[in-house]
Every structure is written in structure tokens, then in C-alpha cells.
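Chains as they are written, first to last, in my numbering: chain A, 1 to 83; chain B, 84 to 166; chain C, 167 to 249; chain D, 250 to 682; chain E, 683 to 1115; chain F, 1116 to 1548.
Simulated restraints on C-beta separations: (1) D:Gly278 with E:Gly783: 55 to 61 Å; (2) E:Arg925 with A:Lys39: 38 to 44 Å; (3) D:Asp340 with F:Gly1548: 26 to 32 Å; (4) D:Gly278 with E:Ile769: 55 to 61 Å; (5) D:Ser266 with F:Lys1152: 52 to 58 Å; (6) D:Gly278 with E:Ala786: 44 to 50 Å; (7) E:Glu930 with F:Leu1244: 56 to 62 Å; (8) F:Gly1548 with E:Ser816: 26 to 32 Å.
Here are some of the chain D residues that sit facing chain E, going by a computed Cβ distance under 10 Å: (9) Met392; (10) Ile516; (11) Ala534; (12) Asp557; (13) Lys679.
No lab work stands behind these hints, which were simulated from the structure alone.
Ideal placement from N, C-alpha and C gives every residue a C-beta, glycine not left out.
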Amino acid sequence: MDNLLSEGLSLMVFGMGFVFVFLTLLVIATGLMSKVVTKYAPAPEPKPARKTARQAEPTGAATAKNDELVAVITAAVHKYRSH
Amino acid sequence: MDNLLSEGLSLMVFGMGFVFVFLTLLVIATGLMSKVVTKYAPAPEPKPARKTARQAEPTGAATAKNDELVAVITAAVHKYRSH
Amino acid sequence: MDNLLSEGLSLMVFGMGFVFVFLTLLVIATGLMSKVVTKYAPAPEPKPARKTARQAEPTGAATAKNDELVAVITAAVHKYRSH
Amino acid sequence: MEKLLTLLTASGIYNISGGQFFMILIGLGLLFLAIRKNFEPLLLVPIGFGGILANIPEAGLAYSAVENAVHFAKPEVLQTLASVLNISSADPHDILHAYHGSNASTHATASLVAQDAGYSNGMLYNFYLVAIASGVAPLLIFMGVGAMTDFGPLLANPKTLFLGAAAQFGIFATVLGAVALTLTGVMDFSIQDAAAIGIIGGADGPTAIYVTSLLAPQLLGAIAVAAYSYMALVPLIQPPIMRALTTEAERKIKMSQLRHVSKTEKILFPIVLLILVALLLPDAAPLLGMFCFGNLMRECGVVDRLSDTAQNALINIVTIFLGLSVGSKLSADKFLDVQTLGILLLGIVAFGIGTACGVLMAKAMNKMAGGNSINPLIGSAGVSAVPMAARVSNKLGLESNAQNFLLMHAMGPNVAGVIGSAVAAGVMIKFVG
Amino acid sequence: MEKLLTLLTASGIYNISGGQFFMILIGLGLLFLAIRKNFEPLLLVPIGFGGILANIPEAGLAYSAVENAVHFAKPEVLQTLASVLNISSADPHDILHAYHGSNASTHATASLVAQDAGYSNGMLYNFYLVAIASGVAPLLIFMGVGAMTDFGPLLANPKTLFLGAAAQFGIFATVLGAVALTLTGVMDFSIQDAAAIGIIGGADGPTAIYVTSLLAPQLLGAIAVAAYSYMALVPLIQPPIMRALTTEAERKIKMSQLRHVSKTEKILFPIVLLILVALLLPDAAPLLGMFCFGNLMRECGVVDRLSDTAQNALINIVTIFLGLSVGSKLSADKFLDVQTLGILLLGIVAFGIGTACGVLMAKAMNKMAGGNSINPLIGSAGVSAVPMAARVSNKLGLESNAQNFLLMHAMGPNVAGVIGSAVAAGVMIKFVG
Amino acid sequence: MEKLLTLLTASGIYNISGGQFFMILIGLGLLFLAIRKNFEPLLLVPIGFGGILANIPEAGLAYSAVENAVHFAKPEVLQTLASVLNISSADPHDILHAYHGSNASTHATASLVAQDAGYSNGMLYNFYLVAIASGVAPLLIFMGVGAMTDFGPLLANPKTLFLGAAAQFGIFATVLGAVALTLTGVMDFSIQDAAAIGIIGGADGPTAIYVTSLLAPQLLGAIAVAAYSYMALVPLIQPPIMRALTTEAERKIKMSQLRHVSKTEKILFPIVLLILVALLLPDAAPLLGMFCFGNLMRECGVVDRLSDTAQNALINIVTIFLGLSVGSKLSADKFLDVQTLGILLLGIVAFGIGTACGVLMAKAMNKMAGGNSINPLIGSAGVSAVPMAARVSNKLGLESNAQNFLLMHAMGPNVAGVIGSAVAAGVMIKFVG
Ligand code: NA
Ligand code: NA
Ligand code: NA
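Using the sequences and the hints, build the whole thing.
Rendered as C-alpha cells:
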């Protein structure tokens, strides 16, 4: 019983401590990495990043776009036929 | 041999019987369910159910639509350019 | 040691020989097949083979086409709206 | 020179048996039917190709490690296998016979011996183990089919479920037919074989494969080929029977338009079906459970990405492996048997009887309903063979009355037939499994 | 007539136990929550459906071959199993108990005995073995999540990683809670159980499933259901806590726009993270390794077709099997236990504490930074529950200041929370695994 | 404090060996080449990442359960393993050595012992077992490649098959090179090793992986890395050789436009090829069978949904696992060996010789055909490395004559090279497998 308590306590102390240590190191490493990258390989002007956006897009949005497309084309065609 | 015959016969009688019993119960349960649904959760006016239709569409149809799309756009563009 | 050498040598002789024999037979069989096909089932005039081309198309190209499509439609719609 | 001899004596042309040659021709024939005649190509292209691969001499693609070890017959390996299988003879045939009859642990030990001797399972044999012996492939196909099925027409007119029931009579009549062939000494089928053959009449590929893999795996090749071939032949098999059993007046009956079915009903239907299965026939639970799961994913509207995958990428992947695995059972020693002829014969009888019973049931229902509301042509769709049989009903309806579109009305019995044959499958597994 | 009796006595309705009936209701309840209330439907639809399948009486879908053999309890099979398990009693309960406690080789032998007797693994049990017991499904989901994650906001403001750390306090506090419940005699959790329950507080489904499958597989059903349900409830659980711990002035704080993050930084981040994991916590390597791999595929820009597949076809296929497999652990005998209530209670406490710690950490960081640059509302997003928690932060921000869009600022702590709980998972596995 | 010590002594930084550190650098180098230099990224990104994962200290991701058990070296476990392996020493190295040399059943028993002691296969090891040891991944890739291959240019000019034959001389010359290195005592390769190394010259990734997994699995990492790297380097390796062996006049030769190839010819070609394989070289049946199956699915036009899946979702999924599995063989103890240097050296020699022989063969064919109809530059495409090598031919042609588009002419030998190396692979497996 006491054993369980001490295990639980030490899990909390060391676990939480480790999470903080790890993420602190990650903050430092990431910051360092960003600094080095910005210094030695400065990014060009921010591109619109179209492609990445597309990938991240949820399926729903894609469908929506498709529908828009169809709507737009339908309109265009009606116009075309009505000439 | 006789054993095989009796097995076959009983398989037919009980099998066919069970299929009918099961589907009869399904008819009843489905009817009941539909009645309850229509009573307590009446459907709104029938939507065009565009999405489901799209899903059920076989690949062939999808391709056909795509082709139509391309044809339509080509026409629209030609019209547009000829202005 | 000598064994390894003789194994290597025979692997080269028979391996290379077999590759040539196999591909020679394939040349013959293919030629024969083509001849028979052209004789008994002459192809109709070469279709544009649109579909196969589409399949072989790398993803990149497909995306490019999609973009073109969007551009084309946008143009068509602008035209339409400007009427 | 010795190497040259090795190449020659290990070549296919040196080793090919008449049976293998013939089976390769059958594989080519299946490919021809699939590609040129459009016979259920999604299954028959992989099955036909798998059949050719399975019969490449010396490649052993369709054999287990032990079968491959026995084929190459090194005396010391045969000796070890014989001792593992606890038989005194080291004759290849005796070893194979003992191996096929041995229990699971002996099987496993024999397999390790063959592997130690450098032999391994053929590629197609591994596909078969993973896809069919485990039962998973037909179930996933059923899930995908569920995700592609619209129960709307059935829900608009649930009574068409009776048509799906009646058409299953083909299944059970065929079982009796197989029994009769055995009793008259023409063939030799066990009751398990008879049940698996009967299920061809269900006109539903994955159900037939699932039941056969459980009840009579040695007949899998013939039964799957028969099931898919006859499904492709539905436009030839059904019309004469339908015409013979109906009058011109009946074929002209126009059915009233189906009512609108709400989204909620469509969501609840697979759940109602599942609960009925759970309460009445647990042995149908894997098949109908996966079918209902696929349909629920389709209709619930909140997991579209899962439903899309189930009816595209996943079902396609599974179809490739399922087809090749079925093809692996087209090896000459298993397929070229008089039993195969019996199966082909019984299968077509099953289709015919199922069609007839569906039509007769529809006639009866029409009579009971006043004689002018149910076109008996939709009864034949109860065999399933989705959506081919429903199209046949539609076509015959149009022949008699150019304004008579039966397609949606026939879709009800059509999907009911899928449920009906899965229920029949559950009964078979319960009774003779 | 005997057949009729067989059908009846083998039917579900004849055999259903109260527990199974109740679990089927729970399965239906999960489906209702998923479909009508939109509770994480991608997981809860398969889990709920799997739960129903697992509780179909006599179908044995969630049981191993041995469990099925014991269930049908033929005396000779029980006798053989008892001798294999080296126990004298042939009582079903004793056999099951010995089986569950036996080592891997005895397990394998017992399994072969059951197969020889004609029993086989249930479908869901096979799915569980392949998807979860092997550990592969949660890892592939994590790879897909990595391929869907944009670390841009985190890289623009790496300090938000501290918020992702603080919110993990919920995990460890819950471990203590589980320990306290045990010490007071209310429940009986081992330290492994406590650790697995704690990880619910990580608000990250695949991490919870991965850890639980390693530390306390018997609790998998309850823990997964709790984790996904509470993730869906984040919009209800978090706001009161967030409001209680922040002042109106704090909630009004507008954060400055995030800097642009270059492609190179995004490519290097998963590699930096991987190296840190490699150097500090190898036990987190499978989880974070696959996560980083997915993210690298996404960002590197040269393997788009792999990245697309990882975040679509592959993750969808794996989700279907993962959900059904988790559902298989909702069988009555495993789920209907007072422990489940404890888990549900502790889980919500974990979410609450995590939320509070995240907010408090954000308050502290804001104070240290001068008091006007970090809106404490983004702290709650540190629990993960991506992207729901970030949306909650955004919503509360808009309530206080209609011009205050916190979404992108909250995405930093949000994805940091994923890393944080994966690190916590690694520590748990190291210490009590 | 004890826990802190545990964390520290189990951390990567405390345990990392020089070899692991170096291999992680190599993994990073592969990622750099793949991402920045576009070296076959679809394979080298997963391979490089898998290589890093495999070398994370203490994580044991690339090790089997037994290897992990031995690594952690608890005396009682080592003792049990030693007795299972029937050796007297319980020294870790001796146990590993006995384990790797043991037969399949001892292997299985040792594995159960390790599992009983709480150790399990690493994630990457499981991927390797499923994807490569079973042989399935390279075969599925080959199926996908078949579904992506257009044999039109080859069918329009079947004689280009000879170029695909000639270029395989690189394979067999390299075998002799490996033999020579062994005879001179520089390296120590068996004939199996030599054959596997030679196949690098086939310039075809899946063929190389398939053959190596059968003949020399311990060399898989080095051979796969060499094969894919050199395929990426084709634009650097080939041009100097091509220029040296051709005259300016030859490079200027314009080839007449290819005839139209009918659909029927394209459908029949994979079947003709399959039958030839079946009759002459059953050992090439798995590789070329799956290749032909993929191509038939592509061309037959009736199974487009299967063909689409084979060349997208399925090949992508398999590529991810294949790459990570190959990466698992980049563990320091297997890769950091003088043999690896030998493999890298021999591999580039193989590419060079293959290129040269292809060009010389094309020159000869051109001479025989009158000297003005075949541009020898297309000969180099016979090594395969599809479609890179064909593009190189095209580029050099354009340099000499800006109107000279050789791409389609070079596609013939290019795909012929794939067939050629698969045939060579079959011969290797037959003779030394
Ligand atoms: Na049916
Ligand atoms: Na978290
Ligand atoms: Na090649």
C-alpha cells in the first residue's frame, strides 16, 4: 500500500519534472534551430503557401469547393447556351 | 446415405423456414421503426440528397461527369475567347 | 576458393546467356503476337487515348490541371459576370 | 553444363503437366470472359490471373511450405516429415495425405520442419492464409458493399423483403440437388459440400466465399468461379424464366412511385437489422454485422472519410488479394475433378430456381394485393446479383411497356436478396459448420 | 424438431445475459452520441458498433479460440485444456483464469488445442491482435496525425511548449487520484492501471490507447471511451474552469501576430524533436518517432503522395480497425465493473486539472512577460484535444473581445500538448511498464 | 532518486555508442540527399528516417524480442535462452550467435521465452517481418510499377529488348567483381552475397530488395541504399560513359517515329510475358507475375478502380513500410562494416558496366541496321532506373541535335531493363538461392 503511494508520488514528481525538462530543452533546441536557419538560410518573402494549405484542408472544405465549381460552371454554361 | 438425405431435407425445411421468419420479423421491425420515425421525427421536405447520390455513384459515372465538366469548360472558354 | 570462382563464372555465363535467350524469345513472341493482332484484329484509327494518359499522369500534373481548370473557370465566370 | 541442365530440368516447359496446361487455358479463358465479355471483371481478372500463377510448374506459388518440401522430395526431409506426422511411410503422397489430415499443432511442427529445410509458403498461399483462411477479406468486402448500398427503395416498400426471402429457395433446393447427386452415386459430396454449393444460389460473391472457406475450402475455386460467372450471366439466365412465368399483362403493371425515406430511417435500418441478427442468428453476425457497419458509416453522415475509404481504397485492396487468393485454389489437382462439373451444373440450377421462386412469390404478392400493384418481374431481383438482376427486371419491364421503369422498385428485393442469402449462410454455418 | 431446438437454444434472445443487454444499450448510446451529438464520430462510431458486435450472445466475436472453446464447454476439450494449462480442475472458470495467467508458450499450445477442437478466434479478437496488441494501429494513427499537423504556430512562438507541459499535470495528478482511490479501498488499481488511467488526461486518443495496451490492456475499453468522450466534451468541460481562473482583463489581451516560419524550420523541427527523443527518452521513440515521420513527410515537400496516403487512405483504414478493436473490449465481463466508474470519474478530473494548470501556467507566463502579451485563455489548449481545445480558447477570447482571434495562438500550445503527453507516456512506460 | 538514476541510465545520451551516433548521421545524410538533392525521395526519406529510428539507443526498435532480451541481459533470462538454444555459455554474444544460427522451431521457442520475460519485437522489426521477410512488399511495389508502366514504346520496337538484355551484363560482371574481392582477400563475400550485390546493377529497387531478402538479408541495408542512391545519381554516372563510347555523328542520329500500338497488343503483352516466364523460368514468377498482373489491370480497361488503387493508395502504403523496414537494417552493427564499402564500390561499377554494355549493344545494332537508324544513346536506358535513364538519353540527344527527341525511343529499352533484371534475378535465385 505504502509502496503504491510512494510509486505514485515518485511517478508524479519525476514524470512531471521530466516533461518540463524535455520541453524546456525542446524550446531551447527549437529556438537555436530557428536562429541558425534564419541566419544562414533566410527565407524568401512568405509565399502564399497554397499547396500546404490544400493538404491541410479538411474533406468538407474540398467538397464545398467542388460544389462551388459545379455551380460556377453551370452558370457559365447557361450563359453560353443562352447566347 | 439416409442420414445425408435427412440432413439435406431438414436443412432445406428449417433453413428456408428460418429465412422467412427472419425476414418477416425484419419487415415488421422496419415498418415499426419507420412508423415511429415518421411520427416522432418527421422528415423535412425531401432534400435533393445530392451527397449520398455522389457517394453511390460508380467510378465510371464519376469519370463521365469529369469529362462532361471538361467539355463544358472547354466550350465555355471557347465562347469566352471568341468574344 | 576456386569453387567460388567457378560458381561466379558459371553464374555469369549461364545468367547472361539465359537473359539473352529469354529476351530473344520475348522479341519473337511479341513480334508474332503483334503480327497476329494487326492481321486479325486491326486497330481502329489511333484514338487520342485520353484515359490511359490520365492514369499515367503523375500527381503533380493532375494538380497543375486542376489549377488550370480553376483559372479557366474563373475567367469564364468573370466574363459571365461582366456581361 | 550441369548448370544448364539444372535450368532446363527446372524449367516450366520440362515439368508442365497436362492438368497445369489445361488450367492455364482455363485461366486465360476467365481473363477473356472478364476483359472481352465483361464478366464481373473486378473479381474474374484477379481470379483468372491467380489461376495462371497457381499453375506455373515448379514455382509452387499456391502451395504451403510443407507441400513445396514434399514436391521437391529430398529423402531426408521426407523422412523427418514422416516422423513428425507419425506415419511409417515416407512416400510423398502418404505424407501429403497425413499432413492435410493432421491437427493444428502437428501442422505447425511440419511447417517449421519444411522451413528449416529451406522451403517456404508460396506467395499466393500466403495471400490465401491472410485474406481468406482468416475470413477477413469477404467480411471487408461486405463492409464496403454495405457502404455502397442504398436501402432507400427497400425502406420505402419493406414487403419486398419477402421477395428476397423467396429467391433463397434456390440455395436450399441446390443443397438437395447435391445430396441427390451423392445418393445416386454420380458425385460424392458431404453435407458441408452441399451447403457450400447451395450458397452459389445466393448470387452473392463474398457470402459464397465466406461460407465455402468455412465449410468446404477445397471447393473454393470451383464455387467462386461458378458464383461470379453466373452472376455475370444473369442477363442470359433470368429473362427466359421470367418470361415463362409471367403473363404479358403482369409484365405491363406499373408500380406507384416510392415514398420518400427520411435520413433517420436510413440510419436506424442497419441498427435494427443488426439487433435482429444479434437476437436470432448469431452465426450470421460477422457477415451481416460488417454489412450493417458499412451501411451505418454511409448513412450516418458523420464519418464520410471512413465510408469513402471503405468503398474505395480498402475494398479495392481487398478485392485484389481476394481474387488472387481464390485463383490460388485453381491449381490443377484441386479444380480438375468431376466435382467441379457437378458444382457448375448445380450452380446454374440454383440460379434458375431462385429466379423462378422470386417471380412466383411476386406473382402471389401481386394477387393478394389486388393484382395490379406489384410487377412480378421485380421478383427475380431477389436473388441479389446486385445491381445486375435489378437491371434485368427493368429491361424486361421496358420491353413490355416503354414507360415502365422498374429499376428502383427492383432495388428493394435486390438488396433484400443480399440480406436473405447472408441469413441463409448463417443457418448453414449453424447447422453443418 | 431437434434442429429447431438447436436454432432456438443457440439464438441470441435465448442466451443473452443482463450484462450483454446492458452493453448493447451502451453501444447504442455511443452511436447516438457520435451521430447526433457529434462526439468524435470517427472513433466513437466504430467503437460503439464494435461494442455491440462484441456483446452478441453466442457469436464470440471478441473472444479468442480458447475462450470460445471454454464457452461451449465440451468436457473432453476442457479436460485437454486443463492438462495443457497444468491444472487439475476442468471447471471453465478455473481454465480461463489459468489461461489468462499462463505464459506465451502455454498460451500458444492452448490455442492450438482449441483450434483442433474446431474453435477459432472471433473476428474482433483478430482485429484486436493485429491492430492493438501489436501496437501498430495507434502508431500509424500518430503518423497520420503528424502528417496533418502544422507546427508553424508552435515554431513562431516556441515558449508555448511550456503550456503544453503544464497541462500534463492533469495526467500525473490523476495517477495520484487512482492511487488514493486504491489506498482508501474504494477501488483496486495497480500502479500500471493508475498510469494508464492518468493518460486519459493527455486528451490524446492514440497515446491513451498505446499506453493502455502496454500497461493495462484489460482497461482498454473504459479508458478509450473515456478519452474520446471527454475530448468531445471539451467545449463543455473547459469554459467554466477557464472563466473561473482568468480575469476579464486577461481574457481581453490581444496577442501580436505570429511571425512567418520558413519551410526549412518546419522541415527541421521534426528532426530536432526526434533527436531529442533519441537522446533523452527512448521509450517515447515509437510514438514520437512515427509522429515526427508523418510530419517530416508532410513538410519535406518531396513525398507528397506518401503524405497524402498517410493522412487519408491509411489513417482511415487504421481508424476503422482501431475503433472496432477497442469496441471488442466493451464486452460485458470486462466493462461492467466498478473500475469503469472510477475511470470515468478520474478521467474528467484529469481533464479539469490539465485545463486549470494550462491556464495558470499561461497566467504566470503572462505576468513574467509584462502582463499584456499572453492571453491566459490559450493555456487550456495545452491539454491537446486538437483542434477542439484551441477552438474553445478562440471562442472565449471572442466573447470578451470581438476582435480577438486567438485560434492561431492557441494552436501552438495545442500541438505542444500532443508532444507533452507523448513524453509523459514515455515516462510512464519507462517507470511502470 | 533511484528513479532519476533509472531515467538517466536508460537515456539515449548515456547509452549511445559511436556506431549508433555515426549511423544517425548517415540517416540524416540520407534525408538531406532525399529532401535537398531529390535523391529518390519516395524511398530514401523512409529509409533514412527508419535508419535513425533503428539506431536510437535502448529503444530496440529494429530488434527481435530475443535480441532485446539479450540486450538487457537479465541472468535468468539468458540462462533460459541458453538452455533453449542448447548451448552451455550464457554469454550474450554466444546466445545471439546461436540464435541467429538456429532452426525455425528453436527460433520460435526462443521467441516465446523472450516474450514470457516481457520483451517484444521492436516496431521496425515487426514491419520488416511483415513487409520484407514475407517477400510481399517488393512484390506489391512491382505490381504497382506494372500498373504504371506503358509498354507501348517497347511494343512499337521490340528489338529494344536486346538493349535491356545487354545492360544486365553489369549485374553479372559485378558478381565476378565481388568474387574477385573475396579471392584476393580484400572482402569476404559468399556467392549468395555476390549475387545480391550484383543485382544492384539492375537499377531496380524492388528487384534488388526482393533478391537480397532471399539471398543475403544481412546486406539488405547497404544494398538498398546503394541501389536507390545510384539510381538517383544516374544523371551523373551515365553521361560521361555515354559520351566516351559514342561519336558525335552517332549521337545525332534521329530515329523514326514509333508506330501506333493497338490496345489489344498492350493487353496481350503481359500475358505473353507471363507465359514465357511460366515456361522458362518459374523462379522469376513472383516478381514478373505481379508485374504482369499490374500491367494487365492497367491495360485491360475493365478494372480501372483496382488499377488506380494499385498505383496509388496501395503502392504508397507499401512504400512507407518498405522504406522503414529497409531502414531497420541500417543498425550500426549491421551497416558499419567494411563489406558496406565494398558494396558501394561494386554497385557503382555495376551501373557503369551496365551503361557501357547497353550503349555498345545499341552501337552494334545500329551498325547491323545500316548505321543510321538507332541512336546508341538509347542503349544506356537499358539499365532501367525508370524513367531517369530514359531522360538522360533524351537530354544527351538534345545536346547533339536540338530536334532529336529520344525520350519515347529510350522508354523501350528502359522498361525492357526492368524485365531483364527480373529475369536475371530469377536466374540468381535458381542457381544460388
Ligand atoms: Na441473395
Ligand atoms: Na496532451
Ligand atoms: Na534493370
